[in-house]
Amino acid sequence: MALYVAQSLPFFQAVPLREFLGETRWAPIHEPARYGILALLGATLVITGLALSVAVPLGLFSAVFLAAYAPPRLRPVLKPALELLAAVPTVVYGFFALRFVTPFLQRFLPLGFWNGLSAGLVMGIMITPYMASLSDDVLYAVPRSLWEGAYALGARKRQVVGRVVLPAAFSGIGAAFVLSFTRAVGETMIVALAAGRTPTWPPDPLRPLLPMTGAMVNIATGDHEAGALIWAHLFAIGLLLFLLTFLLNLISHGVIRRVQRRFA
Amino acid sequence: MRGLRDLWEGGLVLGAFLALPLALVALALMVVVTALQVGQLTAMDAVAEAGLTLTLRTLEGPDGAPVPYVQVAQVARDSPAARAGLARGDVLLAVAGRRVGRPLEAWRAVEAAPGGREIHLPLVWLPPLERALGTLRVERGGSEPALVLVAPAPAAQAQGLRPGDVLRKAAGIPVTSPRQAWETVLLLARQGEAPLELEVLRAGETAHLAFDPCGRAELLVVRDAWRAWVRFLTRVGDPRYPEQAGLLPALVGSLGVVAVMAAVAFPLGLAAAVYLEEFARPGRFRTLLDILLASLAGLPSAVVGLLGLEVFARGLLLGRSILAGGFTLAVLILPIVAIAGREALRTVPRSLREAALSVGATPGQTVFHQVLPAALPGLLTGMVLALSRAVGEAAPLLLLGAFLYVNYVPQSLRDSFTVVPIQIFDWATRPQDGYATVTACAIVFLLGLTLALNGLAIFLRARFQRRWAE
Numbered sequence: 001m002a003l004y005v006a007q008s009l010p011f012f013q014a015v016p017l018r019e020f021l022g023e024t025r026w027a028p029i030h031e032p033a034r035y036g037i038l039a040l041l042g043a044t045l046v047i048t049g050l051a052l053s054v055a056v057p058l059g060l061f062s063a064v065f066l067a068a069y070a071p072p073r074l075r076p077v078l079k080p081a082l083e084l085l086a087a088v089p090t091v092v093y094g095f096f097a098l099r100f101v102t103p104f105l106q107r108f109l110p111l112g113f114w115n116g117l118s119a120g121l122v123m124g125i126m127i128t129p130y131m132a133s134l135s136d137d138v139l140y141a142v143p144r145s146l147w148e149g150a151y152a153l154g155a156r157k158r159q160v161v162g163r164v165v166l167p168a169a170f171s172g173i174g175a176a177f178v179l180s181f182t183r184a185v186g187e188t189m190i191v192a193l194a195a196g197r198t199p200t201w202p203p204d205p206l207r208p209l210l211p212m213t214g215a216m217v218n219i220a221t222g223d224h225e226a227g228a229l230i231w232a233h234l235f236a237i238g239l240l241l242f243l244l245t246f247l248l249n250l251i252s253h254g255v256i257r258r259v260q261r262r263f264a
Numbered sequence: 001m002r003g004l005r006d007l008w009e010g011g012l013v014l015g016a017f018l019a020l021p022l023a024l025v026a027l028a029l030m031v032v033v034t035a036l037q038v039g040q041l042t043a044m045d046a047v048a049e050a051g052l053t054l055t056l057r058t059l060e061g062p063d064g065a066p067v068p069y070v071q072v073a074q075v076a077r078d079s080p081a082a083r084a085g086l087a088r089g090d091v092l093l094a095v096a097g098r099r100v101g102r103p104l105e106a107w108r109a110v111e112a113a114p115g116g117r118e119i120h121l122p123l124v125w126l127p128p129l130e131r132a133l134g135t136l137r138v139e140r141g142g143s144e145p146a147l148v149l150v151a152p153a154p155a156a157q158a159q160g161l162r163p164g165d166v167l168r169k170a171a172g173i174p175v176t177s178p179r180q181a182w183e184t185v186l187l188l189a190r191q192g193e194a195p196l197e198l199e200v201l202r203a204g205e206t207a208h209l210a211f212d213p214c215g216r217a218e219l220l221v222v223r224d225a226w227r228a229w230v231r232f233l234t235r236v237g238d239p240r241y242p243e244q245a246g247l248l249p250a251l252v253g254s255l256g257v258v259a260v261m262a263a264v265a266f267p268l269g270l271a272a273a274v275y276l277e278e279f280a281r282p283g284r285f286r287t288l289l290d291i292l293l294a295s296l297a298g299l300p301s302a303v304v305g306l307l308g309l310e311v312f313a314r315g316l317l318l319g320r321s322i323l324a325g326g327f328t329l330a331v332l333i334l335p336i337v338a339i340a341g342r343e344a345l346r347t348v349p350r351s352l353r354e355a356a357l358s359v360g361a362t363p364g365q366t367v368f369h370q371v372l373p374a375a376l377p378g379l380l381t382g383m384v385l386a387l388s389r390a391v392g393e394a395a396p397l398l399l400l401g402a403f404l405y406v407n408y409v410p411q412s413l414r415d416s417f418t419v420v421p422i423q424i425f426d427w428a429t430r431p432q433d434g435y436a437t438v439t440a441c442a443i444v445f446l447l448g449l450t451l452a453l454n455g456l457a458i459f460l461r462a463r464f465q466r467r468w469a470e
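Protein sequences appear in the order of chains A and B.
In terms of the numbering used here, the first sequence is residues 1 to 264.
In terms of the numbering used here, the second sequence is residues 1 to 470.
Be careful, since some hints might not be right.
Heads up, incomplete: computed chain B residues facing chain A, CB under 10 Å, no partners named [claimed, not checked]:
no.	residue
1	13
2	17
3	22
4	30
5	31
6	74
7	283
8	287
9	291
10	310
11	372
12	374
13	394
14	436
15	451
16	457
Here chain A is said to cover these stretches of chain B; the calculated rule only asks that three of the stretch's residues, wherever they fall, bring their Cβ under 8 Å from a Cβ of chain A [stated by the list, open to error]:
no.	stretch
17	298-308
18	441-448
Honestly, the hints are just simulated from the structure, not real lab data.
Since the structure is predicted, the reported quantities are computational estimates derived from the model, not experimental observations.
Glycine included, each C-beta is placed from N, C-alpha and C at the ideal position.
Hey, can you work out the whole structure from these sequences and the hints?
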């Protein structure tokens with residue numbers, strides 16, 4: 001953490017904070033160089049939003065199925081299957097997005113070779129098992145007595161799940177949502193492969209997008225002089241990403257811990 | 001309000017039954033479409049093994065649109081292709097009776113050609129100008145420039161062309177320069193118009209003669225999937241041509257990085273797990289450590305990679321070496337090992353610890369002689385899963401500055417390296433024909449490895465995990 005601050009210091013000395021956070025153009029190797037983080041941040045948020053709109057319903061419903069509807073004998077089979085989905089390396093998802101999802105979507109939409117849409121959708125598939133597994137843990141932590149009590153009052157299963165268990169697990173599911181969010185924000189290889197190399201403003205998922213992680217890969221794999229300002233800029237992006245994900249993680253893990261303790 | 005609630009609950013049931021199959025279908029789809037690409041590796045290898053390296057070229061067609069064609073980039077010495085008369089610069093026109101305009105189409109034709117392992121592949125090609133027609137020169141003596149055949153090629157001479165002939169038209173199209181003449185012949189031959197009609201001026205008189213510029217031969221190619229895979233996995237490769245791509249440097253790099261990672265992260269992660277679970281006092285401090293550990297495990301891998309760049313590559317002067325890569329991955333994997341280790345330790349019941357303590361074992365003996373052996377299956381499962389995660393990681397190593405491509409096998413831990421996922425990343429971004437196939441093959445290999453590791457973890461868990469009676 002201190003290291004990130006120290007390394008990005010030259011950047012913040014050279015570029016005022018207002019320009020870093022308020023500029024919408026990002027072109028660090030052009031003259032004059034533009035270091036606007038907004039273009040990157042916007043791309044990150046658009047792609048993350050797309051990913052979550054796939055992953056949250058799929059993951060949450062999978063968790064509900066696992067916790068409430070799956071036959072007890074199926075559960076030990078399905079949970080590892082879901083974990084298998086989480087074990088697929090992310091470059092593989094990236095290749096899938098670039099070579100199959102984009103050409104497929106190009107039949108219906110005016111998509112570029114690189115675009116935020118297919119990167120976001122495929123990232124959603126990637127995060128689904130993560131969201132599912134976290135939500136499942138939370139639903140599983142809801143005490144049996146709550147389920148039994150609702151059943152005893154004559155509620156049907158869908159009523160138990162919809163009106164008792166899910167509301168009881170609400171804060172935990174919120175935490176799972178935030179954790180999935182940070183996961184999507186930090187995902188690198190899918191966007192590096194499928195989203196694009198240049199930022200567009202305003203961020204349009206049909207066009208190439210360059211999120212923060214993509215820009216980091218871009219800089220790190222580029223050929224830049226040692227000690228150039230762009231390295232400090234790299235650390236400045238890293239610092240922002242670090243702060244964003246670490247704080248959100250810290251909060252949501254705290255929430256999950258509290259939910260589990262309350263029900264224990 | 002009531003209707004809305006019913007709708008939500010109905011949707012809940014529907015969603016619950018649809019979501020999981022949908023997610024699994026997505027995974028299956030991904031594996032299947034990737035696996036479908038793999039078959040072409042055999043065809044690419046068969047062509048390369050026959051001595052031919054192909055490359056895509058384009059010329060401007062009559063309507064201004066680019067016309068792609070397949071040019072022979074290399075012919076291996078003493079190969080079947082060389083014996084069949086093919087040489088560098090030849091343009092491949094048809095393979096097994098199919099017209100080909102791109103290397104991809106040539107490989108597909110080889111893949112689809114009927115027959116077994118060994119096939120005699122009929123080829124049609126157009127040699128470059130000097131061997132197809134001969135040496136041409138533009139002479140500007142008369143009223144208009146004349147394209148004079150100075151020295152006809154043997155093949156052209158055999159078909160009646162003589163030194164001093166002035167080339168006028170090919171299939172009715174006027175020819176004006178050597179380059180344009182050859183391109184015209186190529187465009188006509190691509191259409192399958194051979195032999196074509198040449199109009200020449202010989203001794204002041206116009207003559208028409210039928211001329212076939214193409215070479216034809218049957219090439220013996222051997223389609224061997226096993227050989228193709230072995231070659232692919234065990235050669236260093238040539239970065240210019242996908243049919244000569246090799247995964248060996250990346251494989252060795254991956255092996256080295258993961259080994260260094262395991263040597264660092266496994267002992268440290270285990271130690272952290274044992275300390276937190278067995279020795280640390282429960283309380284605020286431990287809860288804080290808990291949450292901190294979980295948050296560290298959720299840090300984006302790119303952020304960890306940047307840390308590695310500063311601390312290991314620059315700080316410890318390790319550069320972009322395997323050692324630095326392994327340490328960086330260790331930072332990423334350590335929290336995962338620690339968390340998995342704690343979960344494994346937590347499954348060991350209190351009664352076991354109390355029994356050991358009550359017969360006089362010290363806390364240390366209790367942990368090392370009783371708790372750790374009892375938790376071993378769970379610990380192993382966690383480590384195997386961590387291995388599978390580490391094998392597939394590309395982002396932190398990219399940030400560290402690992403090379404996209406290296407053309408040597410790393411010999412020591414101080415050498416620079418690339419790993420399989422980065423190699424996949426590199427190949428996946430290359431637009432040339434054939435790289436999609438090579439990428440798919442590397443992916444199938446990597447997926448096979450990670451799924452095997454996960455399978456091993458599931459097996460370990462199912463086979464050895466004891467059920468404790470509480």
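Results of checking the hints against the structure:
1. Look at residue 13 (chain B): its Cβ gets to within about 5 Å of chain A, closer than 10 Å, so that hint holds up.
2. A hinted interface residue such as residue 17 (chain B) counts as satisfied when its beta carbon comes closer than 10 Å to some beta carbon of chain A; here the least separation is about 6 Å, so the hint holds.
3. Taking 10 Å as the C-beta contact cut-off toward chain A, the hint placing residue 22 (chain B) at the interface holds, the least distance being around 6 Å.
4. Evaluation of the residue 30 (chain B) hint against chain A yields a held restraint, the C-beta minimum of about 5 Å falling below 10 Å.
5. Interface restraint check for residue 31 (chain B): the shortest CB-CB distance to chain A comes to about 9 Å, inside 10 Å, so the restraint holds.
6. Hint status for residue 74 (chain B): violated, given a least beta-carbon distance of 27 Å to chain A, over 10 Å.
7. The beta carbon of residue 283 (chain B) comes no nearer than 13 Å to any beta carbon in chain A, farther than 10 Å, and the hint placing it at the interface is violated.
8. Using the Cβ-Cβ criterion of 10 Å, the hint placing residue 287 (chain B) at the interface with chain A is satisfied: the shortest such distance is roughly 7 Å.
9. Hint status for residue 291 (chain B) relative to chain A: holds, with the closest Cβ pair at about 5 Å, below 10 Å.
10. Contact between residue 310 (chain B) and chain A, as hinted, is supported at the beta carbon level, the nearest pair being about 6 Å apart and thus within 10 Å.
11. Checking residue 372 (chain B) against chain A by beta carbon gives a least distance of about 25 Å; that is not within 10 Å, so the hint is violated.
12. Checking residue 374 (chain B) against chain A by beta carbon gives a least distance of about 21 Å; that is not within 10 Å, so the hint is violated.
13. Contact between residue 394 (chain B) and chain A, as hinted, is supported at the beta carbon level, the nearest pair being about 5 Å apart and thus within 10 Å.
14. Of the supplied interface hints, the one on residue 436 (chain B) holds, with its beta-carbon coming within about 6 Å of a beta-carbon of chain A, less than 10 Å.
15. Interface restraint check for residue 451 (chain B): the shortest CB-CB distance to chain A comes to about 7 Å, inside 10 Å, so the restraint holds.
16. Interface hint status for residue 457 (chain B): upheld, as the beta-carbon distance to the closest one in chain A is roughly 9 Å, under 10 Å.
17. Taking a C-beta to C-beta cut-off of 8 Å, the stretch 298-308 of chain B contributes 9 residues in contact with chain A, enough for the three needed, and the coverage statement holds.
18. Counting residues of the stretch 441-448 of chain B whose CB lies closer than 8 Å to any CB of chain A gives 3, so the stated coverage by that chain holds, three being the minimum.
Violation of the numbered hints given earlier is confined to hints 6, 7, 11 and 12; the remaining hints are satisfied by the structure.
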